[in-house]
Every structure is written in C-alpha cells, then in structure tokens.
Amino acid sequence: MRAIEPWVEGPLTTFLTESSARLVLLMTSAGQVIAQHGFTRSLDVMAAAALGAGIVASTGELAKLLGPSPFGALVHQGTNQAVFLAPFTTPRGRWIGLVVYGKETSLGLIQLFFNRMVEDLSQSAPVEHARRAVLAENFEHELNASLRALFGR
Amino acid sequence: MSLVNFAAREITCKLVYYGPGRSGKTSNLQYIHGRVPEARRGRMVSLATESDRTLFFDFLPLELGTISGFTTRFQLYTVPGQVYYNATRRLVLQGADGVVFVADSQARRFDDNLESFQNLQENLLEQGIDVRSLPTVLQYNKQDLPAELVLTPADLEDALNFRSVPSFSADALHGSGVFETLKALSALVLKRLAAGNSGESV
Amino acid sequence: MTNFAQQVLEEVTRIPGVRGALLVSEDDGLIVAEALMEGVDGPAVAALAASLTGRLGRATRALGKAAPVLLHLQATGGAVFSAAGGEGLLLVAVTAADVNAGLVRLSLLDAAGRLS
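Protein chains in written order, with this note's numbering: chain Z, 2 to 154; chain F, -9 to 192; chain C, 31 to 146.
A portion of the hints provided could be inaccurate.
Stated by the list, open to error - Chain F stretches covered by chain Z per the calculated footprint, using a threshold of three residues with CB under 8 Å from any CB of chain Z:
1. -1 to 5
2. 12 to 21
3. 60 to 66
4. 91 to 101
5. 150 to 160
6. 175 to 181
Quick caveat, the hints were computed from the structure, so don't treat them as lab data.
The C-beta atom is built at its ideal place from N, Cα and C for all residues, glycine as well.
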C-alpha cells in the first residue's frame, strides 16, 4: 500500500482487511492519487485515477440533468470482478474511492466497510496546516536537466 | 492543484491541453507518448469517438525525474474541442495546475480560436480561477502548412496573447514545438509551486 | 413479490425477541426487503449473513456435502439466523440472545418455503 498522506493508511488498512477487496484507489475529485493498494505501476494508477474521476464527474453531471439529488456509489459488475466507485466528503475536500473486488467478498461487505472507512477518514484527518514552499530556488537547473533527460534533447 | 507528498517527496501536477476542435491537442500528447522512454511514461488513455475525435479526454502520465529531491510527475490531459462538449471540458479542467492553449494557425479557424480561448476563461472563472493567475502557455500549431493558409505567429500573438505568456510555433504532428511548449509550462507550474502559491498536502 | 415478501418478513418479526427480518441477495449481500426494529444495522446484517452463508456453502461443497439449509450464529448479545429463501435469496432474522431459537428456525424455514 502507498499513501500520500500517512493518516490515510490506518483507515485504508482496516478497510482492506475487513472487505477483502483486491485493489483500492483513493483520489481527489480532480483525479490526483491519494492512496492505493494492489496496483503494480504507479503510472497505471494515475490512469485509473483519471478515469475513475472522469466517471464520477460525468455521472455527477448526468445526475444533475436528471434530477435534484446526486448519485451515490456506482457499481460495475463483471464476470469475475466488479468495480465499486463512490465519491465522499472528507475534511480535506471531496475524494473518490475506487474498489475492485471479486467473488471472495460481496458488494454488501464492500459498501459496509467503505462507509466505515469514510467515517474513519473523517475522524483521523488532521487539521490542515500551512502550506510550505516546496522547491529550492535553484530548481530550474534540475528541471531543465530532467526535461532534457526525458525528451532526449 | 499540485499534490505534494512531503513524506515520500513526490509532486504530481495536472496540465491540461485546451483549444478548439482539431487544433492538435491529442497530437501533442501522441508525440510526447511516442518519444518519451517507456519507463518514464504510463499508458496513454484516449476516450475518443470512432472518428478519432476526443470524446472525453486523453490522458498521459509522465515521470519527470527528481527535482529538488522530489520525484516529479505530470499528468497531461486534453479536453474535447468541439463546442458542444463544454460540460466535459469543465470537468477535465477541474484542479488544473497549468494550461497549454493549442491554437489552430489556419486563417479559417481564427474565430474558433478566439471562441475557445474565451470559453477557457469562462470555465476557469466558474471554478473561481482567474486566468491571469494560472500558468498558461500558447502554442500556435500547424505552422508547417502553406503560408497562404495560416496566420503568422505575430498575427496570432496580437489576437490571443495579450498577457504576454510564453508562446511557441508548432507542428505537433511531427513534433516541432511540442517539447518546448511542455517545457515552458512545466517551468511555470513548478515555479509557482516553488513560490508557495499552489500545492496541497502534507 | 415485494408486498408478499414484506408480509412474510413481518410474520417472522412477530416472534418475541426477533428484532428484525430481512430478505437478502445472496451474491451481493444487499437488502431486498426488510422489517427491522430501530437500531438494527440492516446493511451490516445483510452483508454479514450473505458472507457467512457463502463461505459456509463453499466449505461444505468442498467437503462434498450440499449447502446448509439453515445457519444459526449465536453471540453473547444476540443471534442471527439465515435460511435459503429461493432463487439467490436468503431469509435472515436478527434476534435477542434469549429468543426461542426453535420457533425462529421453524418460522424461517416455513417462510423460506413460501418464498421459494
């Protein structure tokens, strides 16, 4: 498991243990990865997050067109595995959970423990602290070197 | 908004390619995808119609390397250019750290460029973002076409670049100007992050 | 079906000590119909009952036996009963610890028979 914010790890570990989910991805509503478990390549995780956020955003817009109340979770049932996708609110903003699970568990269990994880996350979120400057002032030199390495010129 | 992980020393930024339909946004990403070593990029995801027009977005994750001790990743998105896909454009634009506006240099597309540029400003404003505060780079694409069909960079500069942001002539299909554009936007976005004006997290 | 199911569930809840009865989809552990007292966490009971029944079924099949007809989970604070209730459905009762277990079993099996 990898989490951008350490306080997310506890609730996510509990969810994984109790729900028997195969893959889990937590992301912001803009598609930025917060935490993940089960993916092998970090770059694939980003694509999954972009697509998951896209689906939630588009079904959200669809819900607006169809009526006043927004959709909750979205489930896509496959033959061997299913995808559960649900937006939720945290003290750190609107996040989305993407869960892939198989026959060893059920939607009921996933939903149940997902809701508990959302509560746990709300309780463990630290109060947001002041932003810090990230990069050293001379980062431009390194940026240029990285871009040269990346693009081969 | 850039996501910064101080514990693992990682930065992730979202860059969006905006512009009118068929101006070459997807071509920019395809060229980058084709040229960047496989280990440094993820799969390119394209949600397109049967006729290869972007329906929702294209997505390409890149690993830039280490900058100031931070592993830096860029997520490149394109928006669908067609006017009627505005709801989708707004969704993709959400949380963007920087925008490349890809203009179509063909004279007959002049109005489409203006309309799309205005649409960008409206969509940003709707999210409470002043276009002047968001790192932006202009790309005048298709400059390789015969001179009688295209406007010069100077003409386009007059029409679009009243903020004097970095701008580049390009032929995205063959790659000219593509990396220069991305490099300039990367620098702007990271500079803004360095100044502490953007970025979220621990 | 839903009205009939509701009626069957309410009959089960008439037994003293039964705090709720649910019809649950066996595959996904979701509630199809319910008659619950205040304070009973229906979704949790449904998910738990379906999960237990599924696991037990897999275990008995692995031993070459047929899937169990009724499951009775006794805990200190109460009990859960679950019976196969027709095509992919489970009939579940949540009870107090001191309920008349025999009566609950009979009632559930009877209700399950009527539903399937």
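Here is what the structure says about each hint:
1. -1 to 5: Since 4 is at least three, the answer is holds.
2. 12 to 21: Coverage by chain Z is violated for the stretch 12 to 21 of chain F (0 residues, Cβ < 8 Å).
3. 60 to 66: holds (count 4)
4. 91 to 101: violated (count 0)
5. 150 to 160: violated (count 0)
6. 175 to 181: holds (count 4)
Of the numbered hints given earlier, the model fails hints 2, 4 and 5; all others are met.
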